[in-house]
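Visitor: From just these sequences and the hints, can you work out the full model?
Spelled out, the chains give:
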Amino acid sequence: MRFERKNAPHIRFPEASRTLMINVLLALAVLYVMATFYYGPRALALGLASLLAATLTDFICLFIYGKRFNYRDLSPMVTGLILPLLMPASIPFHIPVIAAVFAIFIVKHPFGGTGHNLFNPAAGGFAFVAVCFPQQMFLYPSPMEYLPLFPDSLVLGTSPAFSLSIGGVPGYDIVTMALGNMPGPMGATNILVLLAALIFLMSRRTVQWETPVFFLLTAALIAFWFPRAPVSSTLSVLYELMSGMLLFGAVFLLGDPVTLPKRDWARVLYGVVAAIIVMVFRRVSSLEESFVFSLLFMNAFVWLFDLLAERAVGLLRRKKFETLRTSEVQEKV
Amino acid sequence: MSIFSKGIVLPQHKEPALSHNLVRFINPQPDSLVFTREIPLEPELLTPEDLIDIAAAAKIVDEKDGKPLYRKLRRALGPAAGIVVDAVDDEPYVSSKLNPLLKLREEVLGGIALCQRVAVAPNENVRIMVYKHLADTELTLPGKMDEYKIDRVRGGYPAIPSISQIRRMGRGTYLTVGVGAVIHFYRAVMRRKRQTTTFITAAGNAVANPMNMEVSLGMNITQVLERCGLSRTPTRVVSGGSMTGFSLLDTDKTLITHTTRAVLAFQESRHERMYSCIGCGRCERACPSGLNPMYLHRFVQSHNFASLEYFDAHLCIGCGTCSYVCPSRLDLVGSTLSARDYANEHHLMELADERAKVRAADRAVAAEKRAERRKLAAEKRAEQAKIRAEKAEERRLQREEAARIRAVQEQARREEAARIAEEKAQKEKEELERKQAEEAVAAAAAEAAAESSTGEVSGEAAENPAPVEEPVVDTDSPDTSEPVPDDAVVTDASAEENSDSSAVPSGEVPHEETADPAEPQVDDASPAPPDEFSPEAPPPPLEEDEDEEVIEVFIRPRRRESVEMPPSEVSPGESPPTDKETEGESK
Chain Z
1 MRFERKNAPH
11 IRFPEASRTL
21 MINVLLALAV
31 LYVMATFYYG
41 PRALALGLAS
51 LLAATLTDFI
61 CLFIYGKRFN
71 YRDLSPMVTG
81 LILPLLMPAS
91 IPFHIPVIAA
101 VFAIFIVKHP
111 FGGTGHNLFN
121 PAAGGFAFVA
131 VCFPQQMFLY
141 PSPMEYLPLF
151 PDSLVLGTSP
161 AFSLSIGGVP
171 GYDIVTMALG
181 NMPGPMGATN
191 ILVLLAALIF
201 LMSRRTVQWE
211 TPVFFLLTAA
221 LIAFWFPRAP
231 VSSTLSVLYE
241 LMSGMLLFGA
251 VFLLGDPVTL
261 PKRDWARVLY
271 GVVAAIIVMV
281 FRRVSSLEES
291 FVFSLLFMNA
301 FVWLFDLLAE
311 RAVGLLRRKK
321 FETLRTSEVQ
331 EKV
Chain V
334 MSIFSKGIVL
344 PQHKEPALSH
354 NLVRFINPQP
364 DSLVFTREIP
374 LEPELLTPED
384 LIDIAAAAKI
394 VDEKDGKPLY
404 RKLRRALGPA
414 AGIVVDAVDD
424 EPYVSSKLNP
434 LLKLREEVLG
444 GIALCQRVAV
454 APNENVRIMV
464 YKHLADTELT
474 LPGKMDEYKI
484 DRVRGGYPAI
494 PSISQIRRMG
504 RGTYLTVGVG
514 AVIHFYRAVM
524 RRKRQTTTFI
534 TAAGNAVANP
544 MNMEVSLGMN
554 ITQVLERCGL
564 SRTPTRVVSG
574 GSMTGFSLLD
584 TDKTLITHTT
594 RAVLAFQESR
604 HERMYSCIGC
614 GRCERACPSG
624 LNPMYLHRFV
634 QSHNFASLEY
644 FDAHLCIGCG
654 TCSYVCPSRL
664 DLVGSTLSAR
674 DYANEHHLME
684 LADERAKVRA
694 ADRAVAAEKR
704 AERRKLAAEK
714 RAEQAKIRAE
724 KAEERRLQRE
734 EAARIRAVQE
744 QARREEAARI
754 AEEKAQKEKE
764 ELERKQAEEA
774 VAAAAAEAAA
784 ESSTGEVSGE
794 AAENPAPVEE
804 PVVDTDSPDT
814 SEPVPDDAVV
824 TDASAEENSD
834 SSAVPSGEVP
844 HEETADPAEP
854 QVDDASPAPP
864 DEFSPEAPPP
874 PLEEDEDEEV
884 IEVFIRPRRR
894 ESVEMPPSEV
904 SPGESPPTDK
914 ETEGESK
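Chains as they are written, first to last, in the numbering used here: chain Z, 1 to 333; chain V, 334 to 920.
Watch out, some of these pointers could steer you wrong.
Stated by the list, open to error - PhoX-like, lysine-lysine: derived pairs with alpha carbons at most 25 Å apart:
no.	chain 1	residue 1	chain 2	residue 2
1	V	397	Z	6
2	V	690	Z	319
3	V	400	V	586
4	V	436	V	397
5	V	586	Z	6
6	V	719	V	708
7	Z	320	V	719
8	Z	320	V	690
As the list claims (entries may be wrong) - Some chain V residues near chain Z, calculated using beta-carbon distances under 10 Å:
no.	residue
9	537
10	569
11	573
12	576
13	584
14	612
15	627
16	645
17	651
18	666
19	680
Treat the hints as calculated values from the structure; they're not laboratory data.
The C-beta atom is built at its ideal place from N, Cα and C for all residues, glycine as well.
Guide: As structure tokens, then:
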């Protein structure tokens with residue numbers, strides 16, 4: 001029998017990149033179910049539009065850059081599905097489409113495509129449309145009202161994140177906020193669902209547990225010590241974690257493995273620093289939703305965390321190697 | 334941290350093969366395979382040297398590392414710290430050490446006893462190492478095998494018995510042998526048989542009857558696979574372990590050797606290697622050497638070989654864990670091994686070491702220089718401090734000297750003042766007497782003139798006081814007295830008051846406006862008379878006429894510390910500005 005030469009190892013871990021993407025898509029699908037429950041089928045339509053735009057743009061980009069199309073690479077789908085969830089359900093269709101196109105065409109492919117992007121594509125696309133269409137982006141319809149596909153006039157309100165950003169107190173009780181029954185980004189308000197998604201993704205090792213956990217812990221500590229709203233510290237923690245897209249971002253944007261440091265301790269440090277930056281941005285900036293911008297800011301410094309971690313690990317490695325060698329020498333003697 | 338973790342836990346897939354009986358699949362052996370040598374028939378009579386000779390004659394090769402057994406025995410000859418019998422099957426599908434250990438128990442124990450006679454170690458220091466993670470087998474291993482302890486090697490897939498696990502037995506030489514070598518050693522000694530077989534596992538998802546076999550050396554892989562039977566058409570046949578073995582090009586031309594551990598046949602569903610790295614970091618977490626296979630892969634792909642030395646590619650042990658866990662199905666271990674080869678070939682690590690040595694030497698030189706500089710600076714500082722202290726001492730002495738001189742001067746001034754006051758008082762008294770005398774004379778003259786004429790008397794009176802008037806000029810020279818410190822005045826005030834009240838008429842003090850009130854001694858001799866006489870008489874030409882009456886003011890510039898003059902000569906030149914003034918005036 002004759003065969004081709006193949007490199008070791010001859011068995012592989014069953015999980016592939018596709019498995020990781022499918023895990024994320026599953027978690028996102030649950031959020032789409034929640035969004036449909038609160039805002040009607042328009043949420044699904046938005047997701048579909050963005051998904052198509054992202055996938056098509058990815059295909060075009062691959063064609064432009066002369067790469068082979070890989071139907072197993074689901075990362076443009078993930079990007080396309082994340083984007084509408086960050087926006088209000090009343091958003092015109094063209095905005096998520098523009099965001100998706102920008103994310104793939106500008107943020108992802110010029111840096112080398114999947115796995116090489118410097119910034120999170122979804123965060124980049126969202127930042128672009130947040131700067132270009134601020135009026136449509138930060139006014140939210142109230143939940144449990146089914147929206148028509150092309151709404152003419154809508155009564156829009158502000159989200160708890162806005163109340164917090166102007167120093168007020170959100171007028172919703174904690175249970176309502178946890179259930180997501182409040183105006184806000186389509187997918188980022190369902191706190192309990194997001195927590196379940198976080199646990200699911202961490203248990204599947206899709207999201208490295210260090211960064212989201214330490215990010216949320218640090219953010220909670222900062223909210224506890226320096227409350228923005230005139231409420232008790234515990235309430236402040238709950239409000240800060242539940243408002244805006246902090247939790248959603250921690251799960252789906254911050255947990256993106258491409259834009260994370262590679263070593264464990266670097267990831268821990270990254271989560272802590274990211275939380276500090278996010279909370280400082282929230283306090284300082286006049287924007288209602290500054291998470292995405294601080295995330296992009298942090299993404300620019302991932303190389304620094306990697307560099308420091310590699311240096312430290314290299315030193316430890318050398319030391320360990322030296323001890324091993326000396327012990328071997330002793331054994332031979 | 335990933336550097337302390339010991340790899341990953343793999344699904345073992347050992348089961349059908351491990352529980353089956355050991356199958357002998359042996360070529361018919363002629364008598365020549367039994368070596369002929371003059372040896373005692375009784376094994377108890379053999380010396381350790383005899384045993385080593387037998388191992389050499391039987392051509393036993395340790396299946397663990399491919400070294401001849403007799404060399405190992407010779408190195409461990411004599412008292413040893415312990416014997417490690419290696420039955421660690423850490424790779425999935427492979428159980429070709431564990432199965433003979435369990436199925437050929439007597440031979441293994443006999444072989445260990447023979448090894449103990451060469452490398453003399455107590456029974457408790459003989460360890461049989463087995464792999465711990467055998468989760469999917471129903472097998473339960475005993476804790477002991479006839480006095481010999483069974484140690485379970487912890488850790489994930491690249492099962493490296495930790496140093497502490499071996500160190501527990503103490504320091505010294507160890508004899509590390511594989512189970513197969515032990516069995517063959519026993520057979521060689523007891524039955525005078527050469528090593529003609531080895532133990533392998535035949536397994537994989539394309540193999541119909543996975544089993545462990547004792548196979549003749551030199552048999553080809555196709556024969557082995559035919560013996561086990563293939564349930565599917567394999568796409569990949571592997572010689573060696575599933576993680577580190579190499580895939581075969583032609584099974585007919587590949588033979589079983591001493592170190593062949595397994596023959597595996599796989600049928601893969603499809604070729605899946607089309608992802609790009611998503612940077613999940615699993616390879617770094619899994620790597621038992623603490624390397625970063627992702628970066629190494631990236632550097633090798635981009636031919637960036639200069640960066641390899643910073644990532645220690647030479648530490649790769651080629652275990653294949655990184656490739657196994659990679660969700661993007663990248664050939665990480667291939668890249669890392671090529672990086673290792675590159676590093677070894679180009680002596681990257683030696684170069685790096687040399688550079689590090691040079692850097693260290695540079696650093697040492699720089700540190701030396703720095704120390705020298707510091708020493709010099711310290712010396713300089715100490716010198717400066719010494720000079721400063723000397724100067725401070727000098728200044729203190731000067732201050733004391735000046736204070737002493739000032740006190741002396743004050744004393745002198747006071748004495749002078751007292752003397753002058755006395756003189757003045759005396760002079761006044763004389764003046765008074767003279768005036769009285771003059772008055773008396775005048776009265777007498779008036780009487781006489783009254784008799785003769787009155788006009789001449791006034792002329793005489795005008796002539797007489799002329800010499801006395803000169804001190805008026807003295808009053809414009811504000812020479813001496815300004816710089817005298819006020820406190821000195823205050824301290825001296827009582828004495829002066831006393832002297833003044835006793836000697837000087839108090840009415841005179843307000844008249845001396847230009848002159849300093851603190852030093853009346855210069856002009857005190859004269860002023861009283863001129864005040865009285867000046868309105869009447871115009872000032873005559875100065876200084877030529879001045880004689881013994883006015884006290885001369887000696888004005889000369891000098892240093893403060895050089896004032897060591899007798900108190901009689903006191904000149905109040907205590908501060909330089911006044912000195913200049915007085916100088917100018919004197920000129």
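Visitor: All hints are to be evaluated individually against the structure, with a verdict given for each.
Guide: Each hint, compared with the structure:
no.: 1; hint: 397/V to 6/Z; in the structure: holds, 24 Å
no.: 2; hint: 690/V to 319/Z; in the structure: holds, 16 Å
no.: 3; hint: 400/V to 586/V; in the structure: holds, 24 Å
no.: 4; hint: 436/V to 397/V; in the structure: holds, 19 Å
no.: 5; hint: 586/V to 6/Z; in the structure: holds, 17 Å
no.: 6; hint: 719/V to 708/V; in the structure: holds, 16 Å
no.: 7; hint: 320/Z to 719/V; in the structure: violated, 53 Å
no.: 8; hint: 320/Z to 690/V; in the structure: holds, 19 Å
no.: 9; hint: 537; in the structure: holds, 9 Å
no.: 10; hint: 569; in the structure: holds, 6 Å
no.: 11; hint: 573; in the structure: holds, 8 Å
no.: 12; hint: 576; in the structure: holds, 4 Å
no.: 13; hint: 584; in the structure: holds, 5 Å
no.: 14; hint: 612; in the structure: holds, 5 Å
no.: 15; hint: 627; in the structure: holds, 7 Å
no.: 16; hint: 645; in the structure: holds, 6 Å
no.: 17; hint: 651; in the structure: holds, 8 Å
no.: 18; hint: 666; in the structure: holds, 6 Å
no.: 19; hint: 680; in the structure: violated, 17 Å
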